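Asker: The task is simple: from the sequences and hints, build the whole structure.
Residues per chain are reported as follows:
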Amino acid sequence: MLPASDIDVQNEARVLSTEFFQETAATRLANRSVEAIFTQRSVTPKSPGTTGPAKTIPEPPPDPASIITFPDFQRVFLRYLPKWNMINAESQLVQQSPIFKLHLKRYKRLAALSGDVLLQDCLHDILSSIQSLTLRANNSSDNIAQPNVIFRRIVESGCDVQAPTSVLFECGTERDYDSYDWRHAILFFQCGGQDGTGPHATDFEQQAAASKSHTLGRRGSTKPAAELFSAFCTLQGPQDSSAQTGASSARIKELRLGLHRCASEILHFNPMRKSALGVAVSGMSAYFGYFDHAGAIFASPIHVEDDAGVFINAILSACSAGGRRYFTNPPCPDFVYNPVTLHSSRLFDHLNDTLTITGSISSPSEEDSRPFHLFSTRCVPKSGVGHTSPADAMLDVRWVPCSDAGATNMLDISRLTESRGIAHIARVHASATACKLSQCERAELGLSPSLDLVFRITLFSPPCVPLHVVSNQQHFKRAFVSLFKGRLSKWMFRMHTENSVSALRNLPPDWPAPSRYQSP
Amino acid sequence: MVSRDDPDYGVLNGFHSVSNTTAAQSPLKACAQAFLAVDLLRNDERPAVFWYRHDLESFLYVLAWMAYRPQDERTVHPLSGWWRQGYAASRDLKLQFLKGHFPPDDISSPIVPLHWITGIRGLFRNGYGTLEESGLDRGGSIGFDEETLRGHVTYERFLQIIST
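Protein chains in written order, with the numbering used here: chain L, 31 to 550; chain X, 115 to 278.
Keep in mind that the hints were calculated from the coordinates and are not lab data.
These figures come from a predicted structure and were not determined experimentally.
For every residue, glycine included, the Cβ atom is placed at its ideal position computed from N, Cα and C.
Among these hints, one or two may not hold up.
[As the list claims (entries may be wrong)] With the Cβ distance kept under 7 angstroms, some of the chain L side facing chain X (calculated, not the full set): (1) 433; (2) 440; (3) 454; (4) 494; (5) 495; (6) 508; (7) 509.
Answerer: This is how it looks when you write it as structure tokens:
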């Protein structure tokens with residue numbers, strides 16, 4: 031068995047973006063059904079999946095100090111795009127256009143009234159004006175390579191959002207609306223007027239708990255609210271200048287919490303995704319947020335009207351940056367439905383095969399404390415070289431704490447169980463890390479080592495299917511019982527009496543189960 | 115999981131969370147709340163010791179999770195309180211499950227043998243019953259066999275049930 035090896039992050043990012051998950055527009059067009067799948071999993075502010083029962087939601091803690099100035103946020107999370115100049119030009123065009131000014135004026139008038147259901151329509155109009163104007167700009171320049179900005183309300187995509195004064199938008203860049211995979215969209219969460227008469231987070235909980243109908247089509251939240259807040263990073267930032275925008279601090283907390291819940295769910299079900307960007311609009315204030323698997327960082331609010339140019343610019347940048355939030359370029363969460371090829375030597379330095387991902391075996395579910403994705407792979411040796419990995423194997427991808435010794439232990443377990451002849455344990459062939467969160471977008475801001483995560487890729491065999499998809503009861507029974515018979519069960523005893531992987535190293539070849547476990 | 119090439123061959127994988135622990139370290143950080151034993155979800159002064167029977171109990175919850183898993187993934191799992199709510203609520207719900215109060219049998223999957231679930235949860239119901247009677251939770255009953263809950267939960271009994 032070969033040891034795990036960390037891969038140079040920059041090299042790995044390049045490999046992943048250029049070879050690992052290559053996908054063409056044609057293949058994405060061929061997989062339009064994927065959007066339907068996502069539609070069922072979309073998140074909403076009042077989804078019970080994103081909120082949980084009302085009684086379990088504690089009072090929000092004091093505003094976390096994970097707030098940075100908007101210019102810093104823009105510089106770190108939005109402004110690294112190569113097409114920055116184009117975005118600047120587009121945002122100026124939008125800002126100066128009569129239609130945008132008209133919608134903004136109307137929105138301002140309604141925001142002052144607050145709680146008006148028309149507010150969400152008006153915000154939609156503003157977004158639509160940005161969308162249509164950027165579409166026009168792209169068409170006029172005949173620059174067909176540039177993607178267009180598209181906003182889509184979840185209510186229009188078949189989801190059963192019924193919140194009276196709130197609406198969730200998704201936003202991204204894609205020329206073909208129908209084939210666009212919204213899983214790499216940014217989020218828009220709007221929550222009524224600035225005096226707080228709109229729905230509060232607790233309202234969502236109560237409505238969700240009271241209405242079973244909302245449970246359909248929703249996935250559960252992976253973390254309760256308190257955990258979400260505790261997951262905020264430990265950056266020390268400036269005080270929130272919410273006073274100038276008229277929004278109460280409690281209101282802002284709710285907005286941010288709602289946004290964070292949505293982002294957390296999206297990230298949970300998409301382990302391939304590194305991060306997400308979100309925007310909450312309340313009254314005339316816009317709150318931008320960056321979210322990854324370790325927590326959230328918010329920008330101080332900006333004024334939608336006074337900072338209109340900055341607001342538009344930030345939205346366009348966020349949309350354009352959406353694809354960079356993946357380990358894929360272009361973003362292709364549905365890549366598993368198409369055979370893709372990677373060279374194992376780029377991922378695992380001791381392997382020399384070509385791995386082809388042939389399908390998805392298991393996707394993250396809400397029960398997973400650490401979501402992971404399993405893929406089936408086929409390994410083909412390069413010419414003149416024998417197999418260095420099994421012909422059929424599985425690829426496991428997940429985020430794990432940097433401090434965990436899990437990979438070493440996993441390899442130890444695999445090696446020891448194999449040498450002891452203990453069956454029914456997956457054999458790990460290779461394990462590598464691709465990227466640390468602290469080295470992704472938030473590199474400049476840093477991340478506490480205790481919160482840092484690493485993206486781990488593990489190759490193991492034999493090829494399997496999840497037990498819960500077995501359709502024959504006899505097979506189910508035999509497979510389940512096989513896990514408890516023979517030496518595997520003895521090994522499991524050992525694991526839990528000694529509580530140590532290292533204890534396995536001293537395991538005698540024919541170690542018996544201790545008598546104290548026998549029935550009296 | 116099950117081997118793709120041999121449908122009778124079970125495979126354990128996902129050892130990413132395995133860690134070397136000492137008695138002073140809690141192994142709970144690596145566990146999924148959904149399948150955590152009720153004994154490990156409690157919040158009292160009794161120190162949490164990780165016994166093998168806790169694994170057997172987790173297997174029961176895995177079986178139940180599969181048995182009552184809705185066919186339509188948009189439908190909320192009837193046991194979702196095990197992981198959506200806090201430890202205390204999750205513990206209460208699992209105790210109700212062990213007592214057979216929930217969920218109704220008629221919504222179970224035809225693939226997972228229901229008599230396994232009823233049999234195994236009977237072991238734990240009786241075992242936790244004796245634990246409660248022993249007064250161990252209240253600091254009494256020195257000498258109580260906590261490891262097997264006075265012999266109610268053993269590997270042999272578990273295997274006997276799933277062998278039928």
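Asker: The structure should be examined with respect to each hint, and the outcome stated for every one.
Answerer: Here is what the structure says about each hint:
For residue 433(L), the interface hint is violated, the least distance from its beta-carbon to any beta-carbon of chain X being 10 angstroms, above 7 angstroms. A cut of 7 angstroms between beta carbons decides the hint on residue 440(L): the least distance to chain X is about 4 angstroms, and the hint holds. Annotation: interface hint on residue 454(L) holds; nearest CB of chain X at approximately 6 angstroms, less than 7 angstroms. Residue-level restraint check for residue 494(L) holds (minimum Cβ-Cβ distance to chain X is 4 angstroms; threshold 7 angstroms).
At about 6 angstroms, the closest approach between the beta carbon of residue 495(L) and any beta carbon in chain X falls short of 7 angstroms, and the interface hint on this residue holds. A least Cβ separation of about 4 angstroms between residue 508(L) and chain X falls short of the 7 angstroms threshold, and the interface hint therefore holds. The criterion of a C-beta within 7 angstroms of any C-beta in chain X is met by residue 509(L), whose closest approach is roughly 4 angstroms, and the hint holds.
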